[in-house]
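Novice: Sequence:
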Amino acid sequence: MSRFVRPSKYRHVYPNVAKKEACYENVKVSNNAWDTNLISANGTYISINWNASGGGAFAVLPIHRPGKLPDIYPLCRGHTAAVLDTALNPFEDNVVASASDDGTIGLWKIEDCNYDQLEWSDKERERNGGVKDFEPLARISGGGRKVGQVVWHPTASNVLAAATADHMVKLFDVSHASTACSSPSIALRGFTDTIQSLDWDWSGTTLIATSRDRKIRTFDPRQGERPVQIADSHGGIKGARVIWCGDKDRAISTGFSKMSDRQMFLWDTKNLASGPLKQITLDASSGIIMPFWSDNNIVFLAGKGDGNIRYYELEKDELHYLTESKSSEPQRGLTFVPRRFLNTEENEIAKAYKITGTTIQPVSFCVPRKAESFQSDIFPPAPSNVASLTARDFFEGKRGKRMMVSLETGERVQSSGSVPEATVAKSTAPEAQTCLGDFASNPTPTPIATTTATASATSNGTPTPTPTTTTTTTTTTNNNNNNNNNNNNDNNDSGAQVEDLKKQIEKLRRAVEERDTQIRHLEQENETLKTNQEKVREALLNSL
Numbered sequence: 001m002s003r004f005v006r007p008s009k010y011r012h013v014y015p016n017v018a019k020k021e022a023c024y025e026n027v028k029v030s031n032n033a034w035d036t037n038l039i040s041a042n043g044t045y046i047s048i049n050w051n052a053s054g055g056g057a058f059a060v061l062p063i064h065r066p067g068k069l070p071d072i073y074p075l076c077r078g079h080t081a082a083v084l085d086t087a088l089n090p091f092e093d094n095v096v097a098s099a100s101d102d103g104t105i106g107l108w109k110i111e112d113c114n115y116d117q118l119e120w121s122d123k124e125r126e127r128n129g130g131v132k133d134f135e136p137l138a139r140i141s142g143g144g145r146k147v148g149q150v151v152w153h154p155t156a157s158n159v160l161a162a163a164t165a166d167h168m169v170k171l172f173d174v175s176h177a178s179t180a181c182s183s184p185s186i187a188l189r190g191f192t193d194t195i196q197s198l199d200w201d202w203s204g205t206t207l208i209a210t211s212r213d214r215k216i217r218t219f220d221p222r223q224g225e226r227p228v229q230i231a232d233s234h235g236g237i238k239g240a241r242v243i244w245c246g247d248k249d250r251a252i253s254t255g256f257s258k259m260s261d262r263q264m265f266l267w268d269t270k271n272l273a274s275g276p277l278k279q280i281t282l283d284a285s286s287g288i289i290m291p292f293w294s295d296n297n298i299v300f301l302a303g304k305g306d307g308n309i310r311y312y313e314l315e316k317d318e319l320h321y322l323t324e325s326k327s328s329e330p331q332r333g334l335t336f337v338p339r340r341f342l343n344t345e346e347n348e349i350a351k352a353y354k355i356t357g358t359t360i361q362p363v364s365f366c367v368p369r370k371a372e373s374f375q376s377d378i379f380p381p382a383p384s385n386v387a388s389l390t391a392r393d394f395f396e397g398k399r400g401k402r403m404m405v406s407l408e409t410g411e412r413v414q415s416s417g418s419v420p421e422a423t424v425a426k427s428t429a430p431e432a433q434t435c436l437g438d439f440a441s442n443p444t445p446t447p448i449a450t451t452t453a454t455a456s457a458t459s460n461g462t463p464t465p466t467p468t469t470t471t472t473t474t475t476t477t478n479n480n481n482n483n484n485n486n487n488n489n490d491n492n493d494s495g496a497q498v499e500d501l502k503k504q505i506e507k508l509r510r511a512v513e514e515r516d517t518q519i520r521h522l523e524q525e526n527e528t529l530k531t532n533q534e535k536v537r538e539a540l541l542n543s544l
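First residue of the sequence shown: 1, per the UniProt record's numbering; consecutive thereafter.
Hints are not guaranteed to be accurate.
[Stated by the list, open to error] Result set (DMTMM-like, lysine to aspartate or glutamate): computed pairs, CA atoms no more than 20 Å apart in a straight line:
#, residue 1, residue 2
1, K68, D101
2, K28, D101
3, K270, E324
4, K316, D295
5, K370, E396
6, K530, E225
7, K146, D35
8, K28, D295
9, K9, D232
10, K530, E514
11, K68, D166
12, K9, E225
[Stated by the list, open to error] What follows is a set of in silico ranges between Cβ atoms, one per label pair, in the way DEER data are often shown:
#, residue 1, residue 2, range
13, R65, V512, 28 to 34 Å
14, G287, E396, 38 to 44 Å
15, T344, D116, 20 to 26 Å
16, A81, D232, 45 to 51 Å
17, E124, G224, 55 to 61 Å
18, K258, E506, 21 to 27 Å
What the hints contain is simulated information worked out from the structure, not anything from laboratory work.
Glycine included, C-beta positions come from ideal geometry on N, C-alpha and C.
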């Protein structure tokens with residue numbers, strides 16, 4: 001048999017779709033046409049782009065609260081246009097970053113106590129002024145018309161990469177979210193069209209990205225803002241994606257050919273110019289392919305509008321087709337949870353959350369084994385929630401290994417990455433910027449006229465008359481006093497202007513809060529009317 005069929009531990013991996021009571025229903029997914037996964041998840045929360053009026057919003061659903069969502073749900077509001085992408089922090093499970101069409105990035109901290117309001121009765125909700133939304137910790141300007149994607153750094157805490165509409169990938173230090181500056185620490189350039197996807201390598205030293213200009217690029221932020229490598233990618237301009245293959249120097253991209261066939265390419269990230277190592281034509285469907293990597297050397301492919309999820313195994317630079325998860329319900333978006341949240345007792349090697357219509361379905365991928373002991377051959381160590389670097393370390397040029405955890409014991413284990421730990425490289429990042437800037441003290445004015453006159457008199461050998469010296473000194477002193485008075489007046493005027501600006505900003509902030517509150521009340525009334533209409537319609541149908 002081995003002569004004809006390649007042996008694999010994952011040949012018979014099967015999907016286990018959760019029952020209805022474990023799904024999340026009445027989910028109002030955004031209808032925005034921007035190409036992202038629409039959903040992000042970890043073992044604690046699910047974030048999803050929400051279809052909301054009155055500006056952009058997204059919802060964060062606690063994993064332990066499945067079932068039908070209420071019509072009025074607490075949302076994360078703070079953007080003035082549609083939310084295009086969200087990303088959960090790999091080191092802090094309750095911190096979320098959002099990218100919006102308004103050109104800003106939002107940082108949010110989710111507290112479980114905020115979901116207690118879901119248990120309120122109608123009277124309690126009315127008494128408390130309705131459902132309370134989440135407020136952002138900070139909003140950061142992306143510097144363009146829109147921010148399309150956000151990706152957290154895999155080894156450094158509080159480092160966020162954002163793809164902006166001005167064809168740049170900007171790296172932000174969000175360590176101090178409440179005072180986060182709008183200027184990025186590093187801006188990666190060289191794109192000539194819209195950025196479609198980006199991903200970090202295993203240790204976070206190199207970033208790879210695809211663009212609408214049909215190119216694939218890699219960047220090393222420590223070597224400069226320009227790409228290290230550029231190569232021609234998929235021939236079609238529609239929806240190219242790219243992911244890094246774990247701790248390997250390989251990457252997988254998906255996209256379309258010039259004839260609109262869906263493709264998958266395997267790349268050697270050290271030599272993009274040589275072209276893809278492997279090219280696979282998948283089919284001729286029109287849905288964009290979303291690729292996801294598992295450290296079992298498996299890549300999952302899910303097409304938007306498809307009902308199926310295919311998976312391939314990477315071995316010796318060959319992508320071997322395993323099987324597929326078939327479903328009659330097409331998916332609009334998909335995400336996989338980090339491997340440290342897997343259920344090893346059920347031999348679950350991957351877990352996804354799939355958007356179908358107004359429902360989010362959990363889907364587990366399991367290996368059919370009956371052994372009761374831990375299966376170490378299918379559960380390699382997983383990335384932990386501990387960062388090996390701080391944001392400051394990263395922007396100073398330091399490198400760190402991925403912190404790993406055993407899925408059997410939960411203990412920290414040695415990383416398999418090949419990057420040397422804490423090796424300092426030459427940093428090309430500009431000096432750290434502060435939000436208010438540094439003010440240098442003005443030097444004390446010097447009596448230039450007196451010095452010049454004295455020097456001239458001394459050089460001519462003529463003694464300086466005492467009255468003249470006294471007059472000059474007195475005049476200089478008066479000028480200094482006048483300058484000091486003028487400086488004091490200028491400082492007073494500047495202080496008054498600053499106070500006026502602060503008052504105006506506070507006034508505008510209150511006006512925005514009042515507007516948002518009014519919009520939220522109108523939305524709640526609208527949702528209530530819709531609910532009542534549905535009840536009346538059902539009552540009429542039942543009475544017929």
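Novice: Please go over all the hints and tell whether each is borne out by the structure.
Specialist: Here's how the hints hold up against the structure:
1. Restraint check for K68 and D101: not satisfied, since their Cα atoms lie roughly 29 Å apart, outside the 20 Å limit.
2. Between K28 and D101 the alpha-carbon distance is near 19 Å, which keeps this suggested pair within the 20 Å criterion.
3. This hinted pair does not check out: K270 and E324 have alpha carbons roughly 31 Å apart, beyond 20 Å.
4. For the hint pairing K316 with D295, the CA-to-CA distance comes to about 15 Å; that is within 20 Å, so the pair holds.
5. About 50 Å separates the Cα atoms of K370 and E396, which puts this hinted pair outside 20 Å; it is violated.
6. Distance restraint check for K530 and E225: the Cα-Cα separation of roughly 51 Å exceeds the 20 Å cut-off, and the hinted pair is therefore not satisfied.
7. Between K146 and D35, the direct Cα distance comes to roughly 13 Å. Compliance with the 20 Å bound is thereby established for this hinted pair.
8. A distance of roughly 32 Å separates the Cα atoms of K28 and D295; the hinted pair therefore is violated under the 20 Å criterion.
9. Taking the CA atoms of K9 and D232, the gap is near 35 Å; set against the 20 Å cutoff, the hint is violated.
10. In summary, the hint linking K530 to E514 is not supported, as the alpha carbons are separated by about 24 Å, beyond the 20 Å threshold.
11. Taken as a hint, the K68 and D166 pair is broken in the structure, with Cα atoms around 40 Å apart against an allowance of 20 Å.
12. For the proposed pair K9 and E225, the alpha carbon gap of about 42 Å is over 20 Å, so the pair is violated.
13. For the pair R65 and V512, the supplied restraint of 28 to 34 Å holds, since their beta-carbon distance comes to about 31 Å.
14. For the pair G287 and E396, the supplied restraint of 38 to 44 Å holds, since their beta-carbon distance comes to about 43 Å.
15. For the hinted restraint 20 to 26 Å between T344 and D116, the CB-CB distance of approximately 32 Å leaves it violated.
16. The given range of 45 to 51 Å is broken by A81 and D232, whose C-beta atoms sit roughly 34 Å from each other.
17. For E124 and G224, the Cβ-Cβ distance of about 57 Å falls inside the hinted range of 55 to 61 Å, so the restraint holds.
18. Separated by about 56 Å at the C-beta atoms, K258 and E506 break the suggested range of 21 to 27 Å.
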